[in-house]
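Enquirer: Those protein sequence lines, which keep their order, are chains A and B. Residue numbers for the first sequence follow UniProt numbering, beginning at 1 and rising by one. Residue numbers for the second sequence follow UniProt numbering, beginning at 1 and rising by one.
I should point out that these hints are in silico values taken from the structure, not numbers from a laboratory. Since this is a predicted model, take the numbers as computed values, not measurements.
Taking CB as the label site, the calculated pair distances span:
no., chain 1, residue 1, chain 2, residue 2, range
1, B, Thr47, A, Leu89, 48 to 54 Å
2, A, Trp72, B, Val126, 15 to 21 Å
3, A, Thr85, B, Gln100, 34 to 40 Å
4, A, Gly143, B, Ile176, 18 to 24 Å
5, A, Trp242, B, Val177, 53 to 59 Å
6, A, Gly176, B, Ala184, 48 to 54 Å
7, A, Leu99, B, Ala115, 45 to 51 Å
8, A, Leu99, B, Asp199, 35 to 41 Å
A virtual CB, placed ideally from N, CA and C, is assigned to each residue, including glycine.
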Amino acid sequence: MASPDDLKFQEFEEATDLLLADPGASTLSMSGSSSTAPAGATGDIKLDMSDDEGQEESSELLRGEKQTSGFWTFEYYQSFFNVDTMQVLDRVKGSVMPLPGRNFIKHTLQSSPDLYGPFWICVTLVFSLAISGNLSTFLNSLGSPHYHYRPQFHRVTIAAVVIFLYAWLVPLGIWGFLTWRQREERQQSGYSFLETVCLYGYSLFIYIPTSVLWILPFEWLQWLLILVAMVISGSVLVLTFWPVVRDDTKVTAYATVATIVVLHALLSIGCKMYFFQTATLTQVTTLAPNHTAAILPSKTH
Amino acid sequence: EKMAEVDELSKPMFAGLSDVSISGDIPVEGEINVPVGTPSHDDEYSTLDEPVKDTILRDLKAVGKKFVHVMYPKKSSTLLRDWDLWGPLLLCVTLALMLQGGSVDSKEDGGPQFAEVFVIIWFGSVIITLNSKLLGGTISFFQSLCVLGYCIMPLTVAMIVCRLVLLGGSGTVSFIVRLIVVTASFSWSTFASTAFLADSQPSNRKALVVYPVFLFYFVIGWMILTFSPSA
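If we strip away everything but chain A, and leave its shape as in the complex, we get (with noise of 0.2 Å):
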């Protein structure tokens, strides 16, 4: 079924690399290249597929192309969730462990984005950061007379808007204005919208076990993760973005790297402290749910 489709996919992206690097070389493979002179025997080979649609798609994979149905047909978006699960722990240890030179999309994801990673980190992150929000706000509140529990549940609803809009118009800005650069000064290829998005949504996850901490009632102890996430989660980003970058004024370059970094501050910072507000700013709202509430923030913060 699935399982020889993903042979199939991973093959020809070696095949391509190799044939580009050495075009005189002999390949042995199930299919019939057509670029190489192989020793007569494998050039007639038929491919033994379940479907044609495989044999499209390998032949097109050889021209670097990848999606042949239109996107009103159910496979196209299959290809976007053919991953499996060693492939996606692969990407999100790669997305918390930046290392220099390593391009996520490059090196990570082989320019194969996929959807499934950065949706499911999506909904987790939602999740957690209600859960742990509403976690956090009970078990501050604890000591009070005041208090009574409350389940908070339209946290869930806000969180899910805040973070999908996120990770969707973020990658959607970035790249039109990276195409809009690269047309503009004719620099090398850079990424597809999807492989951004994808990077965007794997880049989230250090955020989820950073929210899960954030329920430790220690102050200096939630901007300390912040920092962390912040720089493992930037430098991912930076990482990527850099060497598309680099090519252009030094003012555009510094200016994007900038806006990237900001954004980022921007949601964990705002997150934390939407989220995860501290003792004093409940027991004002129960006893006093007027003017006062808003001036005992600014005095916490």
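Use these hints to put chain B onto chain A, whose structure you have.
Expert: Frame of chain A, contents of chain B only:
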């Protein structure tokens, strides 16, 4: 290419056949069965004429049989074949109704509204089903919805138990009891549904399908556990 070669070779061979004229009747071999509707046959398969009580009882029996299957989950293809969505609807409405009547000021800071529970359960089931299909699963759309919906049953039972426990008081002991009950039933739900769903996935993607199911029942379990009655 091989196929093309064969075609090339065969063309001149069969080309001559076009000169053959077909005259008269050529006896057609094989049998053509035209089903002649006998009245007795129709009565057996048609359910239009039976009393309403029979129809309802038959559907209820089917729903009940599936509930039993969820209680003792073992792989059975008949359960998947005869899917229905009555059970999930019943469970969803029951759960959503029981999650109401929470804290008094339920507009803000309260528990989930009826619509929110409904949306989470149905939308969540649809998304998990789509996810499973996109990853290459062989289970059909409605079969998967059916399984996910029926496996909410342990959580609904836990909700009933929690409300009963809350009648006795909402201290730490009742919280611990509720925590144990909800954890047990959420694990049961996840286990029961993966017993049906995981088999339809290739082995290298099973975890990718099981994780969203786990998350789904975890969120529902969370909604049940955090239900706090009005002060």
